[in-house]
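Could you build the full structure based on these sequences and the hints that come with them?
Heads up: the sequence shown at position 239 corresponds to 290 in the numbering used here, and the numbers run straight through without jumps.
List time: in silico DSSO-like cross-link candidates among lysine-lysine, alpha-carbon distance up to 27 Å:
#1 Lys179 <-> Lys286
#2 Lys297 <-> Lys286
#3 Lys179 <-> Lys282
#4 Lys286 <-> Lys124
#5 Lys124 <-> Lys282
I should point out that these hints are in silico values taken from the structure, not numbers from a laboratory.
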Amino acid sequence: MLLTILIYLLLGAAAGVVAGLFGIGGGLLIVPVLVFSFELQGMSADVLTHAAVATSLATIVATSISSTMAHHKRGAVRWDIFRPLSMGIVLGAFLGVVTAGKMTGEWLQISLGCFAIAISIQMAFNLKPGAGDQEISTTGHGIAGGVIGWFSAIFGIGGGTLSVPYLSWGRIQMQQAVATSAACGLPIALMGALTNIWQGWDHPLMPEWSAGFIYLPALLGIVLTSTLFAKVGAKLAHSLPPLLLKRIFAGFLLVVGLRFLLSNLI
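The structure is reproduced here in structure tokens:
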């Protein structure tokens, strides 16, 4: 158990650094590493991917609070946009967990693989949407929030990879887009975590020390170090070449995505 906790502490540190470096949150790193870790622990293949996604969402609850507070102190969060977005996000995140719950572990990994490959291409080529022709309406934000929440809850991420490009397309300044995206991570993670607790409660295949699909030892280890090391990543972002770093992480995501696809389709 001690070795397992150490692995989770190191994973939290790595996820924090990634979040600080790229501003995309650590879910893209946490989920695949938890999948591999749970496999080594002998967790059932029927639930390990669901547990990885659920545990990742639970860790984001803690990190998004600290991140949002930091951005709010700088006055960068667009709360007027957050409100309609969050209304859609809450519903979308709930439906996302329900959708993931109806998928087998195999198909959830295939979906994760496709998503990881898509994000790796986006990061490798630094693809970004241009600004839209006009500002987005309140209804538009609500619909977009539903889509962002749905995808994020399925893949166990805080939504930054989706919400930052969306807000940039909506003609929001980048600093405000990142800050507002960080705030949106809280309703995604909170609703996603609570719904995963409900859906997985007393599941016979989940190991001891679980709350629904959330594996508590992993949650504790990751939360203890991820917030601290996000500051390290933020400092490194100012001293290392950002495009090279993005391409290195894109390579990691490509390998992860291909591994998920090949192991489940061949």
